[in-house]
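Undergrad: The lines below spell out each chain.
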Amino acid sequence: MRNLASLLFAGGLGFLLMVFGLQFDFGNAPMLVGQAIQSAAPEQVGAANIVTAVVLGYRGIDTLGELAILFAASTAVGLILGHRHTSTKPDPDSGLILRAGGELLMPLLLVVGLYIILHGHLTPGGGFQGGVILAAAFFIPVLARPSTPLKHTGMMLIEGFSGAAFILIGLAALYSGGEFLQPLLDKGTLGNLVSAGTLPLLYLAVGLKVGAELAGLLAHLAAAEVSES
Amino acid sequence: MTLFGLEITLDLILYTGAFGLIVIGAAGIVLAHHLFRVILALAIAEAGANLLLVLSGYRWDAIAPILSGSESAAPMVDPVPQAMVLTAIVIGVGVQALAVGLAMQVKKTYGTLDMSAIRQRLEADIAGTAGIATTGSQDAPLGERPLPPADAVPVTPGSSAR
Amino acid sequence: MILISTVIVAIMLLAAVAALLFKNHVAAVAAVGILSLALSVLFVILKAPDVAMTEAAVGAGLSALVLALGLRRLGLWQIESSNSTQSSIQKSGEHTDA
Amino acid sequence: MNQIVLIVVLPLLAAFLVPIVARMSASLGAALGPLVMGVCLWITGTVAIESAGNAFAINIGGFMPPLGITFFVDRLALLFAFLTALLVLVLWPFQGEHRPREHALTLILAAASGGLALSGDLFNIYVFYELVSVASVGLVATGRRSSAPAIRYLILSGFGSVLALVGIALVYTQTGTLNLAHLSQLAPTHLINPIGLAAFALILLGVGVKAELFPVNTWVPEVYATAPNRVSALLAGLVSKLAALVILRLLVLVFAQEQALLVMLLLGLLGVITGELAAWRAQDMNRMLAYSSIGQLGMVFVAFSIPGETGVFAGLAIALHHLVVKPALFLLAARWGGALSGLAGAAGGNLPAALLFTLFALSLVGVPPLPGFWAKLLLVMGLAEQVGPLYHFALAGILIATVVEANYLFRIVSTLFHRDSPA
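Protein chains in written order, with numbering that gives the first Met the number 0: chain A, 0 to 228; chain B, 0 to 161; chain C, 0 to 97; chain D, 0 to 422.
Chain A with its partners taken away, still in its complex shape (with noise of 0.2 Å):
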């Protein structure tokens, strides 16, 4: 009975959402705000990559909550699952091959999302696609060694400082006469690496907030104990 009822409420759902749909005006979106963005960005922020822009400058308040969102969903994982490393039975060590691989490729893992963060103004990528590359790179040693737990105290001074540093640039502007969060130093010639004033930092910041808290989670995730009884 309730499974009909909720059948109907899909299969309602869908057909009014497709009626709608139909009505769009597909491929004509109005961008009354996204229009007077991408004629404003090269000026304002001065990123090539006007998702970054928006990303960051227009809606750099929206990337906050996120990063925040980020943080309370690693915090609360933790207080939930806390700490039982004493008396979790981790998984055994993988073999050779994988330790080995994963030495090597963890310094590669760092460059390239360190790359793709760096770029992030400039190119497609950023902040967030190269933090997961980071957070692969932070969690690929957990996985190859899992009695060996993440780096608990450096991790959490990554996370904690990068999230400040965000939040601290922002301050920056606001106390030097503007309002929070808006575009600080130099423009520079659209383009090149060192651009878009403090747009790069910024984004530096996410990806390491970004990276340290999808590890962390990772790492959570993999120490917790599900008693077997």
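These aren't lab readings, by the way, just hints derived from the structure by calculation.
Treat the hints with care, since some could be wrong.
Residues of chain B clear of chain A, computed beta-carbon distances all greater than 12 Å [stated by the list, open to error]:
1) P78
2) D113
3) G127
4) T128
DEER-style ranges, computed between Cβ atoms [what the hints assert, rightly or not]:
5) D113(B) - R22(D): 38 to 48 Å
6) L156(A) - Q94(D): 23 to 33 Å
7) N27(A) - F392(D): 37 to 47 Å
8) G176(A) - V6(C): 40 to 50 Å
9) V402(D) - A39(A): 23 to 33 Å
Ideal placement from N, C-alpha and C gives every residue a C-beta, glycine not left out.
Starting from the known structure of chain A, arrange chains B, C and D on it as the hints suggest.
TA: Using the frame of chain A, we list chains B, C and D on its own:
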């Protein structure tokens, strides 16, 4: 190209994809019996919503929103929905990880991941902590079972002792 | 473009249905991963390279990893069919149907 | 004036740093949170005095309004920001074992609540709303047996936010902007149509999860029954009101069409009826308070559905009254808890608490000289002024619900002061 008198266009296909994912995800959230499936269904519905958001900023004759020097005057697709989707994807994975962590805790506490079993155990648990003897399902519709006035409810020995 | 999009959308919808109907949880997670990959290709077609990269890295990579870790810790990690005897992690009385 | 953004940013900064500070010095870590919340309280107060009640907007990042994100600061936003900081400070986990992670989550909840009160951008509201979700689920899960309610809550609010995201996509498809002020200019030509109504319904269902709106409030009883009472008080008192505030903003600014009001009226009325009846049936204190909270929020929505200023005033009056009363009731109930039948004569143990409980309960019902009466009177008078059968039906529903409410609250009060043990 037409099918059953309906012209098949790109937007029809894309919107079918987006709304289809949302509806499949919604059905899964409501219908799935296993907690892990519910988490998967949530991810599916989120994917559909993200696709819909990207579609809302699409323009036919436009390039990706990245300036490459000379041709800066070319029209671009709307960068704002793309930025929103970036945010939404990362939010989604955070929520998903939290859900997986909670599922582990549920498994630890109740020993099962079956949604209806969890709900039953939960009801019993709440009633037990409050010191109420369970008198049948709490899910019964309103008015189905006659409810005695509160002071006549049978109490467990523990709570009447005070 | 319309042909590619049709194929991708079909893959996505099939993967979504499969993710909910497969009895095996590992296969279901794999189906969600495929869904994410197809979606990221669709994002490239829709001229959203940033979103495509994120969806590929987060949706197909990280989220699948999170789910796989979850499966492992929840005792649902089981690649072969459910009557397999090789189940050191799989708890015997576990409820596995969808 | 633009330092008001600090009430969002400072708690976030503190939350990021709490684990590190607590590692260096436990006492400093424990003091950081309350300190920051105190600073937020002070900032809100000074901004309120400085602005002298005039509304103003700050453009985050210094971009002109429709381009960037705007915080819209009026008296209502400042009031809710102030109450957020105050309530978080009052309900701060001072006692018990010090857990930096719990402090961090509470700080994040405070920041997100402040953001919800101030934000004037549709997607920014969504982000803060998700932040509230994640932080509150984390806090709920700190309860001893609350992992299952927490995950059911998380899944429902996750589903709600997917619906809200679809609604936002519909709005964006129609208008191409997200700024609420800009949307309110475009709404008459772009959003007064079926798509606008669908978008409103989707966003209403999404945000309604936190606001305990009728069909999406199944999490309320189980979460409030198992979460720590401090967290229940925060959710019932603060978070639900902020979600209601968001719904009010959207309704007044963006979706001001007749059908939207009717949808609100219907869902609100259903919430009142189901909530109060379920509260009447409830056999334990926490779930009774939870269901009564659903009923009260339903009244807020019924009030919001009255067109014009009257409805807004009545709804806000009920919401603010409930914001003060319900956390107090939850905290007082923590003393007794458990089954209602076990309460007989409990007042003897702690007379002041019982008297306070009685006072708040009387105000909740709306006994004349108490503030709850005036709030309800505003609502009833507003409904009576409206023409149309649905409004009169709602009026009858509210009055009957009040009788039911009086019945069960008086029953508890009389049990509390009962001399003998029950038969």
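Undergrad: Taking the hints in turn, state whether each one holds.
TA: Here is what the structure says about each hint:
1. P78: Given a closest Cβ separation of 4 Å, the condition is violated.
2. D113: holds (15 Å)
3. G127: For G127(B), whose nearest Cβ neighbour in chain A is about 21 Å away, the distance exceeds 12 Å, so it holds.
4. T128: holds (19 Å)
5. D113(B) - R22(D): 38 to 48 Å: With Cβ atoms ~40 Å apart, the hint holds.
6. L156(A) - Q94(D): 23 to 33 Å: Distance hint for L156(A), Q94(D) holds at roughly 30 Å.
7. N27(A) - F392(D): 37 to 47 Å: holds (44 Å)
8. G176(A) - V6(C): 40 to 50 Å: violated (55 Å)
9. V402(D) - A39(A): 23 to 33 Å: Hint violated: Cβ distance 60 Å, outside 23 to 33 Å.
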